[in-house]
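J.: Chains as they are written, first to last, in the UniProt record's numbering: chain W, 1 to 359; chain U, 1 to 359.
Please note: incorrect hints may appear among the correct ones.
Said to hold, decoys possible - Simulated restraints, written as ranges between beta carbons of each label pair:
id: 1; chain 1: W; residue 1: E131; chain 2: U; residue 2: T208; range: 15 to 23 Å
id: 2; chain 1: U; residue 1: R18; chain 2: W; residue 2: T127; range: 38 to 46 Å
id: 3; chain 1: U; residue 1: E141; chain 2: W; residue 2: A173; range: 57 to 65 Å
id: 4; chain 1: U; residue 1: N142; chain 2: W; residue 2: A173; range: 27 to 35 Å
id: 5; chain 1: U; residue 1: V206; chain 2: W; residue 2: N330; range: 30 to 38 Å
id: 6; chain 1: W; residue 1: N330; chain 2: U; residue 2: E297; range: 23 to 31 Å
id: 7; chain 1: U; residue 1: Q227; chain 2: W; residue 2: N330; range: 43 to 51 Å
id: 8; chain 1: U; residue 1: D337; chain 2: W; residue 2: T208; range: 32 to 40 Å
id: 9; chain 1: W; residue 1: N330; chain 2: U; residue 2: E269; range: 45 to 53 Å
id: 10; chain 1: U; residue 1: T264; chain 2: W; residue 2: A162; range: 30 to 38 Å
Since the hints were made in silico from the structure, they are not lab data. Quick reminder that beta carbons are idealized off the backbone N, C-alpha and C, glycines included.
Chain residues, written in single-letter form:
Protein chains: 2
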Amino acid sequence: MNNKKYMQLALDEAIKGRYQTYKNPLIGVVIVKDDQVIAQGHQDNFEQDHIIKKLLASLDATSLQGATLYTNFEPCTSFSEGGSCTDLIIKSGISQVVIGQSDPRGSEAIERLLDKKLSVNVGILETEAKELNKHFNYFYENGRPFITVKQTNSLDHMVSAANSPRVVLNNPAVINRIHLERADYQAIIIGSSTVIQDNPNLLTSVETNFPPIRVILDRRGRLINHQGLNVLNDEKAPTWIFTENLNLQKVHFNDNVRVFEMSTGTIAEVIDLLRAEEIQSLYVEGGPSVEKSFMDEGLVDAIVDYVKPIYFGEIGIGGPVPSRSLDLENISVETLDDNIRIAGDVKKPAKTTDTYTEW
Amino acid sequence: MNNKKYMQLALDEAIKGRYQTYKNPLIGVVIVKDDQVIAQGHQDNFEQDHIIKKLLASLDATSLQGATLYTNFEPCTSFSEGGSCTDLIIKSGISQVVIGQSDPRGSEAIERLLDKKLSVNVGILETEAKELNKHFNYFYENGRPFITVKQTNSLDHMVSAANSPRVVLNNPAVINRIHLERADYQAIIIGSSTVIQDNPNLLTSVETNFPPIRVILDRRGRLINHQGLNVLNDEKAPTWIFTENLNLQKVHFNDNVRVFEMSTGTIAEVIDLLRAEEIQSLYVEGGPSVEKSFMDEGLVDAIVDYVKPIYFGEIGIGGPVPSRSLDLENISVETLDDNIRIAGDVKKPAKTTDTYTEW
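Starting from the given sequences, assemble the full structure and let the hints guide the process.
T.: Below is the structure:
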């Protein structure tokens with residue numbers, strides 16, 4: 001069987017659409033006839049033409065007769081103009097559809113294909129297909145965004161020395177890596193204290209129509225007195241302010257800034273607001289108390305720690321220490337000049353039962 | 001010039017003697033005539049025959065006439081039986097001596113060779129030669145051992161969870177690495193609390209006649225009540241107890257155990273005792289308060305931190321946080337399964353003046 005070979009080709013196509021599909025999954029499609037690829041392509045936009053529709057339109061009826069379509073993601077049933085991808089497949093003469101993963105939102109596509117006597121194969125390279133759209137899948141399977149806590153710490157787990165001006169940890173390679181990494185998330189969240197202290201832009205270096213939304217957690221409305229901050233003025237990405245202080249809604253910000261009312265000011269409410277906006281992934285940038293809150297609520301799926309080989313010592317400002325232990329798995333380690341990026345997924349449930357070993 | 005080529009060959013020879021020469025330097029020697037290597041070898045023992053003597057004895061007078069001897073380390077002048085290496089070189093007919101580094105203890109070898117009209121070349125691949133015998137050189141240049149602090153910490157800089165039995169950090173790959181690393185040091189130091197709590201063996205996995213001496217810092221003499229500890233009974237390496245409690249000297253330990261009297265109990269006095277015993281290198285294994293003392297006294301030359309990707313959280317026991325900042329350079333990063341070894345040399349003076357950078 002060449003199913004895996006062609007599905008891998010579909011996956012290789014799909015990744016080419018990275019940063020372009022926003023809230024829709026990455027999708028790659030390969031159409032094969034007589035063991036020859038007759039068309040291949042990837043989804044490269046959000047809410048415009050679907051790649052299946054485009055590929056089918058590029059081929060004549062004779063070519064499509066009896067062909068096999070490979071897609072890493074279950075075809076849509078809902079996209080209306082000219083018919084859904086599922087409808088178009090049924091009409092096309094294609095006789096077999098091979099699918100990496102089914103749509104976690106629930107879909108009747110497979111059922112409809114089977115009803116029309118097409119041969120359907122689901123779950124080919126499913127692990128790889130699910131990993132490709134990890135955040136998308138996570139959101140629909142768990143009903144909340146995938147949450148990554150980013151830290152930049154010294155070896156003694158300090159975020160900075162308490163000097164003025166602040167001594168921070170990020171070398172240029174780390175900054176570049178973070179600017180790249182942000183593009184993998186639909187939103188960034190940061191506490192108002194940190195925004196006020198550091199006045200960051202929180203932008204991505206990736207060219208994309210969908211830079212992450214900058215969510216400022218500002219329960220008390222401190223931003224009223226800091227309206228000159230970059231994130232409130234640069235208009236380079238949306239900025240959302242989550243606050244309990246309704247006076248913030250009276251401030252005249254530019255159109256990129258939205259103010260959301262909170263009633264409890266809890267992390268749970270933050271998640272509720274993000275879920276309602278269908279934000280699939282969240283990158284928590286700090287400060288330490290915000291990060292600790294996420295950790296303590298059990299709302300962290302992954303941690304990325306940019307470690308600088310320095311000890312700030314007792315004058316430093318401590319990084320987040322959770323109330324309970326967190327154990328990581330799927331560890332990756334990268335060196336960035338003299339800094340080290342350590343990343344991993346949070347094990348669930350947390351495990352700290354390693355037994356004592358002779359040393 | 002082929003000087004570098006042959007010196008590199010001498011260095012490659014020298015490293016073969018690793019773990020065998022104890023307090024003497026690693027030495028490799030290559031004898032070259034008419035651009036041909038006629039003998040090469042390395043020092044493979046402590047206080048027995050020197051490699052220069054052995055190589056010269058293996059060659060006849062005709063071969064040696066006009067030959068060039070390469071050695072990474074200045075020849076000895078003191079070893080008496082049959083003459084020092086310098087004397088033997090002078091007698092041998094060798095006409096040129098190429099030396100990587102001079103002896104930091106001070107030596108008249110080069111002067112004597114020059115007096116006898118030999119051609120002498122010093123400083124070929126000197127950086128590499130000095131690095132090869134880094135601890136030896138450090139000891140004689142600074143009058144104290146080279147000191148490395150080893151840590152095993154979580155991402156939140158905890159040495160362990162405060163559970164009972166203790167939850168520790170070391171995976172088998174880390175334990176193996178530490179057992180290997182110990183052999184690079186002439187002594188290990190550890191606080192009595194840690195020895196009592198964990199009862200480690202503190203041995204090396206390297207086969208050597210010179211396993212590191214296990215120094216227990218036991219100011220108050222707590223070991224009197226813990227005479228069953230492994231380090232006091234296994235007889236697999238020397239154990240030295242540094243104490244202010246003279247009752248420890250009355251305990252009947254086995255011959256591998258020595259008790260040293262301290263008068264001030266300070267880290268400075270620890271260093272004085274080690275200097276007097278000509279201990280060239282020290283590996284500080286903990287606990288955190290002992291490590292902090294070394295850091296705060298400015299007595300740390302290198303740090304090795306074995307990082308486990310876990311957060312122990314607030315229940316954890318904190319790793320050492322120095323009073324002042326310490327900045328590292330010459331960083332190396334190794335992954336050991338899911339753990340990470342981060343090592344670096346302490347910058348002198350410590351520098352924490354990175355300016356704040358846009359993020």
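J.: Work down the list of hints and note, for each, if the structure agrees.
T.: Hints, verified against the model:
A beta carbon spacing of about 47 Å between E131 of chain W and T208 of chain U contradicts the range 15 to 23 Å that was offered as a hint. Range check, R18 of chain U to T127 of chain W: about 45 Å between beta-carbon atoms, so the 38 to 46 Å window is met. The hint said 57 to 65 Å for the Cβ distance between E141 of chain U and A173 of chain W, and at roughly 34 Å that hint is violated. In this structure, N142 of chain U and A173 of chain W meet the distance hint of 27 to 35 Å, their C-beta atoms being roughly 33 Å apart.
In this structure the hint that V206 of chain U and N330 of chain W lie 30 to 38 Å apart at CB holds, the actual value being about 33 Å. Distance hint check for N330 of chain W and E297 of chain U: the Cβ-Cβ separation is about 40 Å, which falls outside the suggested range of 23 to 31 Å. A C-beta distance of roughly 46 Å is found between Q227 of chain U and N330 of chain W, which places it inside the suggested range of 43 to 51 Å. For D337 of chain U and T208 of chain W, the hinted distance range of 32 to 40 Å is satisfied, since their beta carbons lie about 36 Å from each other.
Judged by the Cβ atoms, the range 45 to 53 Å given for N330 of chain W and E269 of chain U holds: they are separated by roughly 48 Å. At about 33 Å, the CB distance of T264 of chain U to A162 of chain W agrees with the hint of 30 to 38 Å.
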